[in-house]
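Participant: The chain contents come next:
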Amino acid sequence: MFDFLEDYDLLGAFWTTVQLALLSAVGSLIWGTLLAGMRVGPVPLMRGFGTAYVNIVRNIPLTVIILFTSLGLYQTLNVSLGADGVVETLNFRLSVLGLIAYTSAFVCEALRSGINTVPVGQAEAARAIGLSFGQVLRLVVLPQAFRASVGPLTNVLIALTKNTTVAAAIGVAEAATLMKKMIENEAQLLLISAVIALGFVILTLPTGLILGWVGKKVAVKR
Amino acid sequence: MTEVSVAKDAVAATDDLVVLKSVNKHFGALHVLQDIDLTIARGEVVVVIGPSGSGKSTLCRTINRLETIDSGDITIDGKPLPAEGKALARLRADVGMVFQSFNLFAHKTVLENVMLGQIKVRKTDKAKAEEKARALLDRVGVGTQADKYPAQLSGGQQQRVAIARALAMDPKVMLFDEPTSALDPEMINEVLEVMQQLARDGMTMIVVTHEMGFARSAANRVVFMADGRIVEEATPDQFFSNPRSDRAKDFLSKILHH
Ligand SMILES: Nc1ncnc2c1ncn2[C@@H]1O[C@H](COP(=O)(O)OP(=O)(O)O)[C@@H](O)[C@H]1O
Ligand SMILES: [Mg+2]
Chain A
0 MFDFLEDYDL LGAFWTTVQL ALLSAVGSLI WGTLLAGMRV GPVPLMRGFG
50 TAYVNIVRNI PLTVIILFTS LGLYQTLNVS LGADGVVETL NFRLSVLGLI
100 AYTSAFVCEA LRSGINTVPV GQAEAARAIG LSFGQVLRLV VLPQAFRASV
150 GPLTNVLIAL TKNTTVAAAI GVAEAATLMK KMIENEAQLL LISAVIALGF
200 VILTLPTGLI LGWVGKKVAV KR
Chain B
0 MTEVSVAKDA VAATDDLVVL KSVNKHFGAL HVLQDIDLTI ARGEVVVVIG
50 PSGSGKSTLC RTINRLETID SGDITIDGKP LPAEGKALAR LRADVGMVFQ
100 SFNLFAHKTV LENVMLGQIK VRKTDKAKAE EKARALLDRV GVGTQADKYP
150 AQLSGGQQQR VAIARALAMD PKVMLFDEPT SALDPEMINE VLEVMQQLAR
200 DGMTMIVVTH EMGFARSAAN RVVFMADGRI VEEATPDQFF SNPRSDRAKD
250 FLSKILHH
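Heads up: the sequence lines are chains A and B, in that order.
Residue numbering for the first sequence follows numbering that gives the first Met the number 0, starting at 0 and increasing by one per position.
Residue numbering for the second sequence follows numbering that gives the first Met the number 0, starting at 0 and increasing by one per position.
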């Protein structure tokens with residue numbers, strides 16, 4: 000019954016999914032943290048930018064963003080991300096870019112909810128010993144905010160893993176693209192769906208469990 | 000080090016450390032600081048006392064610019080308070096502050112709490128910072144708690160760590176905003192004793208507190224505030240046994256009957 004699976008590179012497709020998810024996770028953690036820093040910072044221009052970015056980006060469907068990276072960035076603006084015209088590489092990189100742009104809005108908001116759990120007295124005490132705004136954020140507020148945000152960030156990460164399937168829209172050979180191909184070729188609709196679904200559960204379930212444990216472990220006691 | 004009792008009389012004009020001149024501040028419609036003039040000499044210990052809401056905390060917080068002021072001047076050691084940026088951060092390092100709610104960094108150990116400012120602000124190397132932190136923790140009597148997290152300590156211990164954290168910056172002046180108000184009664188003395196020792200060592204201190212015992216034994220001067228104004232300034236003895244203003248009399252009768 001499972002014989003036909005041997006004709007497809009299931010592992011390879013999921014490996015692409017993992018790569019999409021990991022690179023986008025790292026990128027959106029960095030960009031999302033910077034956005035959160037802007038949104039809580041003292042500079043009105045940056046605050047405005049951060050707020051506008053989050054409110055615009057999180058309300059655009061991810062498919063539209065991914066398509067924009069391909070149609071807008073590449074085909075119209077000729078942003079080629081150093082892919083030397085290799086289509087697979089280009090589409091992969093464009094997808095990561097789109098996923099980062101989108102996911103970072105959610106990372107920013109998860110972090111901001113974490114920042115709100117840090118009592119103002121923490122930042123005041125940090126300012127009172129002479130730390131600069133950046134140091135207060137980096138050394139005192141964000142470390143505590145990250146610990147309080149592990150739960151919401153886990154949800155963002157799991158959503159990101161599943162959102163990588165949208166990269167199929169611009170032809171990245173990840174799990175959903177393979178699923179579509181398998182469904183077209185084989186008369187095993189249910190089985191194929193189940194296999195792909197199982198693959199995602201295998202990716203996300205441990206993420207949730209491990210991060211749940213980490214979240215408890217690093218929680219700040221007050 | 001000058002002895003406190005000497006500093007009391009030998010307040011030379013050139014040795015003014017903290018000077019507030021006609022300081023005004025509003026919170027919206029509330030005129031929370033009204034024409035505050037206050038001068039604190041090097042080595043002097045000043046207790047600020049007054050009913051809740053009279054502006055004592057705000058006064059404290061303007062001195063290291065955690066609150067901005069609307070008008071007037073504040074100088075520390077002859078230099079006006081910088082408005083922002085690096086200069087302000089440097090000034091804050093010279094002004095130690097101890098809060099009612101301790102505010103120890105919750106994600107750092109006791110030792111790290113006392114080392115952070117030394118390393119990041121004073122650029123002291125790690126080994127030196129640790130040595131100094133341990134010495135200060137010993138001095139305030141919590142040396143054995145160095146590797147614990149703040150939440151594992153009693154309130155009194157946390158407040159003593161907070162004092163050590165401020166002292167680690169070698170401040171010119173220390174601000175205390177009701178340092179014992181959040182403590183269980185049995186812990187108040189351990190904190191007051193540390194503060195008393197600091198006063199004896201010649202530290203310049205501005206202390207918001209209702210602890211009369213501390214005021215009598217450690218303060219050179221009591222400043223009584225009500226409704227955003229300094230209503231009365233006197234030596235502790237004069238103030239507690241013979242207050243001049245009706246507001247002070249009224250206030251003292253209330254706290255003495257409790
Ligand atoms: N950040 C703030 N915003 C608005 N009002 C404030 C703020 N902080 C303090 N106040 C008000 O200013 C007055 C003085 O407060 P405070 O300085 O804390 O008094 P005290 O320490 O003497 O009790 C109070 O009426 C208080 O409600
Ligand atoms: Mg107060």
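Derived by calculation from the structure, the hints in this document are not laboratory data.
Just so you know, not all the hints are guaranteed correct.
Examples of chain A residues toward chain B, derived with CB under 8 Å [as the list claims (entries may be wrong)]:
id	residue
1	A51
2	I55
3	V56
4	K216
5	V219
6	K220
Stretch by stretch, here's where chain B covers chain A in the computed footprint (C-beta under 8 Å, at least three residues) [stated by the list, open to error]:
id	segment
7	3 to 14
8	116 to 124
9	140 to 151
Bear in mind the structure is a predicted one, so any value in this text is a computation, not a measurement.
Glycine residues also receive a C-beta, built at the ideal position from the N, C-alpha and C atoms.
Participant: None of the hints should be skipped; say for each whether it holds.
Facilitator: The hints, checked one at a time:
This hint is violated: A:A51 has a C-beta 25 Å from the nearest C-beta of chain B, more than the 8 Å allowed. Interface hint status for A:I55: violated, as the beta-carbon distance to the closest one in chain B is roughly 31 Å, over 8 Å. Nearest Cβ of chain B to the Cβ of A:V56: about 30 Å, over the 8 Å cut. The hint is violated. Against a cut-off of 8 Å between C-beta atoms, the interface hint on A:K216 is violated, since the closest Cβ of chain B lies about 13 Å away.
Hint status for A:V219: holds, given a least beta-carbon distance of 5 Å to chain B, under 8 Å. Taking 8 Å as the C-beta cut-off, the interface hint given for A:K220 holds, the closest approach to chain B being about 4 Å. Given a C-beta distance limit of less than 8 Å, the hint that chain B covers the segment 3 to 14 of chain A is violated, as 0 residues qualify and 3 are needed. Counting residues of the segment 116 to 124 of chain A whose beta carbon lies closer than 8 Å to any beta carbon of chain B gives 5, which reaches the threshold of three, so the coverage claim holds.
Coverage of a stretch by a chain is defined here by at least three residues with a beta carbon nearer than 8 Å to that chain's beta carbons; for the segment 140 to 151 of chain A and chain B the count is 3, and the condition holds.
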